[in-house]
Amino acid sequence: MAMKNRDNYIKLEFSSLPENVALARVLIASLVVQVDTTITDLEEVKVAVSEAVSNAIIHGYQNEPNNIVNIEAKIVAGELEIVVEDSGIGIEDVEKAMTPTFSTHPDRMGLGFVFMKSFMDNVEVLSEIGKGTKVVLQKKLVNDGSCARVAT
Amino acid sequence: MVIVKIKNESLIVKISGDLDLVIAKDFRETVDKILVDRPLKNLILDLTEVNFIDSSGLGAILGRYKLIQQQGGKMSIWGAKPSVHRILDLSGILKIIPVFKNEKNIIEKREA
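Chains A and B, in that order, are what the protein sequence lines are. Take 1 as the starting number for the first sequence in my numbering and just add one per residue. Take 1001 as the starting number for the second sequence in my numbering and just add one per residue.
With the rest of the complex left out, here is chain A (with noise of 0.2 Å):
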């Protein structure tokens, strides 16, 4: 228990590879069971993830295999934090990209951003054309309540 909840850092760069998704999926899981959070934070924070991954390969590359997608997070104070990056095309309208069903796909339901915003706290995308998309996540994974501990 002792080991519970200390920050951490992780950081990994891999193939624009729609495989990669799931793998960046577990790695961030991997992370956030180490500190006490509960089961639908850990689904929430996997689609999150899935959502802005599968855009980077998608969108930001678009398909295009032979590219890096960055992903970096970290936990302080119970508190998630991650930052997927890619080097691809850029959004030319974030706040429309952002609009539930936009979608420039015709098969995709423009839930991406919408689940995002959904499942986190605060979601920040910095896009740039012709450079790339930084898309940066947050969650409060571990509350303080040192009530809910007493009342246990």
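Misleading hints may appear alongside valid ones.
Each computed PhoX-like pair below joins lysine-lysine, with the alpha-carbon atoms no more than 25 Å apart [as the list claims (entries may be wrong)]:
id	chain 1	residue 1	chain 2	residue 2
1	B	K1081	A	K117
2	B	K1025	B	K1014
3	B	K1074	B	K1014
4	A	K96	A	K117
5	B	K1095	A	K117
Just so you know, the hints here were simulated from the structure itself, not pulled from any lab data. Computed from a predicted model, the values in this text were never measured in an experiment.
Let chain A serve as the given structure and place chain B on it in line with the hints.
What follows is chain B alone, placed relative to chain A:
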């Protein structure tokens, strides 16, 4: 993994694992290849073994729904785990595609 079987006029598709970008593609291609040659009345999606779904998976489901509907067929979902069911619900898909508890119920209802 995507496994399909055809029973009477129903195409039953069982998906296992995480329904993300990779399996969504497999699911889309498998179903489209069958339906292009042989339009069927029902597309039953068995999600019992699906542990995770994201918007790539949801997009593939919605796309197959549109396809079977264009062909005059219907789509149903069977056996989504609570975490998967929650995402389906949040996406709004449950408003257009019914979810059943088991395969037998769907076939009875669809073929009645």
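For each hint, the structure was consulted:
1. Taking the CA atoms of B/K1081 and A/K117, the gap is about 23 Å. The hint holds against a cut of 25 Å.
2. A distance of roughly 14 Å separates the Cα atoms of B/K1025 and B/K1014; the hinted pair therefore holds under the 25 Å criterion.
3. With a C-alpha separation of about 16 Å, the suggested pair B/K1074 and B/K1014 falls inside the 25 Å cut-off, and the hint holds.
4. Proposed proximity of A/K96 and A/K117 is supported: the alpha carbons are some 14 Å apart, at most 25 Å.
5. Of the supplied pair hints, the one linking B/K1095 and A/K117 holds, its CA atoms being roughly 22 Å apart against a limit of 25 Å.
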